[in-house]
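Protein sequence lines, in the order shown, are assigned to chains A and B. Those letters in the first sequence? Residues 1 to 107, by our numbering. Those letters in the second sequence? Residues 1 to 112, by our numbering.
The hints are simulated quantities; they were obtained by calculation from the structure and are not laboratory data. Cβ atoms here follow ideal geometry from the backbone N, Cα and C, with glycine treated the same way. All clues stand as given, with none of them false.
Here are the simulated SDA-like pairs of lysine to any residue, each with C-alpha atoms no more than 20 Å apart in a straight line:
#1 B:57 - A:93
#2 A:22 - B:41
#3 B:57 - B:73
#4 B:71 - A:93
#5 A:9 - B:41
#6 B:71 - A:94
#7 B:9 - A:41
#8 A:9 - B:40
#9 B:70 - A:93
#10 B:57 - A:3
Label-pair restraints from in silico Cβ distances:
#11 A:18 - B:38: 23 to 33 Å
#12 B:63 - A:7: 25 to 35 Å
#13 B:20 - A:75: 40 to 50 Å
#14 A:26 - B:52: 29 to 39 Å
#15 A:29 - B:7: 34 to 44 Å
#16 A:66 - B:95: 26 to 36 Å
#17 B:20 - A:76: 38 to 48 Å
#18 B:28 - A:58: 26 to 36 Å
#19 A:17 - B:16: 45 to 55 Å
#20 B:52 - A:45: 19 to 29 Å
#21 B:80 - A:29: 32 to 42 Å
#22 B:59 - A:29: 11 to 21 Å
#23 B:70 - A:68: 32 to 42 Å
Take a look at the letters that make up each chain.
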Amino acid sequence: AQRVTQPEKLLSVFKGAPVELKCNYSYSGSPELFWYVQYSRQRLQLLLRHISRESIKGFTADLNKGETSFHLKKPFAQEEDSAMYYCALRAGYIPTFGRGTSLIVHP
Amino acid sequence: DGGITQSPKYLFRKEGQNVTLSCEQNLNHDAMYWYRQDPGQGLRLIYYSQIVNDFQKGDIAEGYSVSREKKESFPLTVTSAQKNPTAFYLCAGLSANTGELFFGEGSRLTVL
Chain A
1 AQRVTQPEKL
11 LSVFKGAPVE
21 LKCNYSYSGS
31 PELFWYVQYS
41 RQRLQLLLRH
51 ISRESIKGFT
61 ADLNKGETSF
71 HLKKPFAQEE
81 DSAMYYCALR
91 AGYIPTFGRG
101 TSLIVHP
Chain B
1 DGGITQSPKY
11 LFRKEGQNVT
21 LSCEQNLNHD
31 AMYWYRQDPG
41 QGLRLIYYSQ
51 IVNDFQKGDI
61 AEGYSVSREK
71 KESFPLTVTS
81 AQKNPTAFYL
91 CAGLSANTGE
101 LFFGEGSRLT
111 VL
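Between the sequences and the hints, there should be enough to build the whole structure, so can you do that?
Given below as structure tokens:
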């Protein structure tokens, strides 16, 4: 069975500090991994997916199959990055989500 | 405008009553999903449908039912058998091309 683990419920940083939101997964096949973000009063939306290898809003995430991780990183956090972040794994038709990490960026 | 539309946004129900949450889409997605979002528990899958007239139970299907009579519509019924129904419910459609989920704005159900 697939599983996604986000070990931090809450991450609190100051503006300009680096940020890393951790995500580990367990899945026997080749996973498709995603990061979704939910800003206050907005709907949950895709931030990035590992297959496209792009940087969105300064965030990047690298799939490390050896460590089964897909950590989300940003070198300099901004206040507008404050949101709830979910890591997700898709196997076939079933996307599985982690419990989410709330990121708070203080001015 | 369009995408995934959920209604109502807020709903109050007395114990013992069934309630149906609406989810409509105009994105031509074959696969649709219902998740329940609780603080600290992330998104948990209730039901999903890969195609019209077919649906499967997710991880927490007990006390819920769905139907998929049309491609555009995937309503969720929260029955009186659901022991802890107060929650935020999210509907989503899956893009077959990109694997991306498109979410509705959610429906918040409160049982009084």
